[in-house]
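Number of protein chains: 2
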Amino acid sequence: MAVIECIPNVSEGRRADVIERMAAAIRAVSGVRLLDHSSDPSHNRSVFTLAGDAAGVEAAVMALFERAVADIDLRTHKGEHPRMGAVDVVPFVPIDGVTMAECVALAKKVGAAVASRFNVPIYLYEDASDNAQRKNLEDIRRGEFEGLTTKMASAGWAPDFGPSAPHPSAGASVIGARMALIAYNINLASDRLDVAKKIAAAVRHSSGGYRFVKAAGFKLEDRGIVQVSMNLTNYEKTPIFRVFETVRREAARYGVSILESEIVGLIPSAALNAAAEFYLQIEGFKPDQVLEHKLRS
Amino acid sequence: MAVIECIPNVSEGRRADVIERMAAAIRAVSGVRLLDHSSDPSHNRSVFTLAGDAAGVEAAVMALFERAVADIDLRTHKGEHPRMGAVDVVPFVPIDGVTMAECVALAKKVGAAVASRFNVPIYLYEDASDNAQRKNLEDIRRGEFEGLTTKMASAGWAPDFGPSAPHPSAGASVIGARMALIAYNINLASDRLDVAKKIAAAVRHSSGGYRFVKAAGFKLEDRGIVQVSMNLTNYEKTPIFRVFETVRREAARYGVSILESEIVGLIPSAALNAAAEFYLQIEGFKPDQVLEHKLRS
Numbered sequence: 004m005a006v007i008e009c010i011p012n013v014s015e016g017r018r019a020d021v022i023e024r025m026a027a028a029i030r031a032v033s034g035v036r037l038l039d040h041s042s043d044p045s046h047n048r049s050v051f052t053l054a055g056d057a058a059g060v061e062a063a064v065m066a067l068f069e070r071a072v073a074d075i076d077l078r079t080h081k082g083e084h085p086r087m088g089a090v091d092v093v094p095f096v097p098i099d100g101v102t103m104a105e106c107v108a109l110a111k112k113v114g115a116a117v118a119s120r121f122n123v124p125i126y127l128y129e130d131a132s133d134n135a136q137r138k139n140l141e142d143i144r145r146g147e148f149e150g151l152t153t154k155m156a157s158a159g160w161a162p163d164f165g166p167s168a169p170h171p172s173a174g175a176s177v178i179g180a181r182m183a184l185i186a187y188n189i190n191l192a193s194d195r196l197d198v199a200k201k202i203a204a205a206v207r208h209s210s211g212g213y214r215f216v217k218a219a220g221f222k223l224e225d226r227g228i229v230q231v232s233m234n235l236t237n238y239e240k241t242p243i244f245r246v247f248e249t250v251r252r253e254a255a256r257y258g259v260s261i262l263e264s265e266i267v268g269l270i271p272s273a274a275l276n277a278a279a280e281f282y283l284q285i286e287g288f289k290p291d292q293v294l295e296h297k298l299r300s
Numbered sequence: 004m005a006v007i008e009c010i011p012n013v014s015e016g017r018r019a020d021v022i023e024r025m026a027a028a029i030r031a032v033s034g035v036r037l038l039d040h041s042s043d044p045s046h047n048r049s050v051f052t053l054a055g056d057a058a059g060v061e062a063a064v065m066a067l068f069e070r071a072v073a074d075i076d077l078r079t080h081k082g083e084h085p086r087m088g089a090v091d092v093v094p095f096v097p098i099d100g101v102t103m104a105e106c107v108a109l110a111k112k113v114g115a116a117v118a119s120r121f122n123v124p125i126y127l128y129e130d131a132s133d134n135a136q137r138k139n140l141e142d143i144r145r146g147e148f149e150g151l152t153t154k155m156a157s158a159g160w161a162p163d164f165g166p167s168a169p170h171p172s173a174g175a176s177v178i179g180a181r182m183a184l185i186a187y188n189i190n191l192a193s194d195r196l197d198v199a200k201k202i203a204a205a206v207r208h209s210s211g212g213y214r215f216v217k218a219a220g221f222k223l224e225d226r227g228i229v230q231v232s233m234n235l236t237n238y239e240k241t242p243i244f245r246v247f248e249t250v251r252r253e254a255a256r257y258g259v260s261i262l263e264s265e266i267v268g269l270i271p272s273a274a275l276n277a278a279a280e281f282y283l284q285i286e287g288f289k290p291d292q293v294l295e296h297k298l299r300s
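For the record, the sequence lines run as chains G and E.
The numbering of the first sequence is the numbering used here, which starts it at 4 and goes up by one.
The numbering of the second sequence is the numbering used here, which starts it at 4 and goes up by one.
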């Protein structure tokens, strides 16, 4: 059975009744499970994490849009987090038994369905976008809801689906497909912030490091140690073990050891299995040798 | 949801129709999945691998006994593999969301039910047995079907459940609970059989090594290399990464490197995750951070 993860971000983080109605709408859909949801009142935003097969996540996203378009009005919405839609962004993520190409196709299908049913313009992003200028979420969302009418009328900003002007209350939504993101921190047995920052610079893409790593160095004041805090945006192409080993070697250059690492939130089992395969030098391993994987298939 | 693996070994490996009827009987049970089955004609024995919750595996084992007792007659059975029952041995293995104590309780419940319904005497083994002389399968099965009447009448060999003499055609069965067994081989970049044998002796329990390792050194003639072939009988107490690192260090003593390792057959995801946690020094990791695990729970 295919497993697709979907993490819709919605522009409502304060009204508990509205949030609960959206959660209930997702839970009522079969073929999908609501794994988690969290709301941030200062951002005035909620994040839902759901997983299921293609039909299940599609139906859940449609049910979520129905509630969000009815209950959220961006004309009166305030919050610290940038946003341009009632349902702001919807990524589909391949987890198991499904390809990125299938998630791209699903993003386009759902985008077209949302535009047609709710009259909300849709921008595709990340792997679902064929437009180099419209892959990055921040680029698409720049100007936010308040700037949408002007932006949509300008050259190069016609939406991928739906009307050429914003929905009056629900704005526009960004839908796409991307790899699972792993939030991964490595704590150093040191209080030297300069070392954490140098290592972060060494491994992150923006300063010459690995293609799918974002990283920054921080001090954990309460523990008297420093941390290299990372997002791994494609664990197949930039695997977790390679990043770990590079951090270890760069730290050794300064006489510093790794104290521990931590995975924040969810991780696909394939990312952990790849680390086991690497260190144990396992050849010819197939996913369905994992008993639980075979149980699901 | 709890996942229990169950691997019944049945004394029939030749008659395809009989084997298929047993497989069909298991498949007809809900709450359990038949993951695999294989038959060895020279052993005249079949191994079924199934998994499900307690009620599912219990019902599947009862259904299997019903077919096997009807279709198999040990008075005319010949094969290279030792056996004493139509259903020879039934281990229950905790995989996920279930304790060993629960698998022991399940083994006793199923043992009592089989004895009562089919009039087959049952011996408990491994973790399900409280009798130090009757934990090891080979000890219980010694003398095989042909020696059963005499053995059962001798001191210390009354069965745990059921009649004190063998079933005329189905003999007696061994039912118990044990940890998942991992078949794990490490290939050395060397043709020195003496090195493989020395390493096997270093890591295996019988000659002073790790408590839950069985090992032997072999030559892989066609590849011109040697192999340390192992069974890991408790991956929680003797984890795979510790065995791998010990083999690596012992090999280095002789100037030999590890070429690769291989996992033969199924492995519980917890055994792989433990290796990832060890090498990546992941602190505070919880199983339900694995997305697929959370999906199942």
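Incorrect hints may have been included.
Same chains, same label: a pair holds when it works inside one copy or across any pair of copies.
As the list claims (entries may be wrong) - With a cut-off of at most 30 angstroms between alpha-carbon atoms, the simulated DSBU-like pairs for lysine-lysine come out as follows: (1) Lys240 - Lys297; (2) Lys297 - Lys217; (3) Lys240 - Lys289; (4) Lys81 - Lys289.
Just so you know, the hints here were simulated from the structure itself, not pulled from any lab data.
Keep in mind that this is a model prediction, so the values were computed, not measured.
Structure-based check of each hint:
Proximity of Lys240 and Lys297 under a CA criterion of 30 angstroms is satisfied in both settings, with 25 angstroms inside one chain copy and 24 angstroms between copies. For the identical chains of this complex, Lys297 and Lys217 are inter-copy neighbours only, at 26 angstroms across copies versus 34 angstroms inside a copy, given an alpha-carbon limit of 30 angstroms. In this assembly of identical chains, Lys240 and Lys289 lie within 30 angstroms of each other by CA distance both inside one copy and across copies; the values are 18 angstroms within and 25 angstroms between. In this homomeric assembly, Lys81 and Lys289 never come within 30 angstroms of each other (Cα to Cα): the closest approach is 49 angstroms inside a single copy and 36 angstroms across copies.
Hint 4 alone, counting from the list given before, is not met by this structure.
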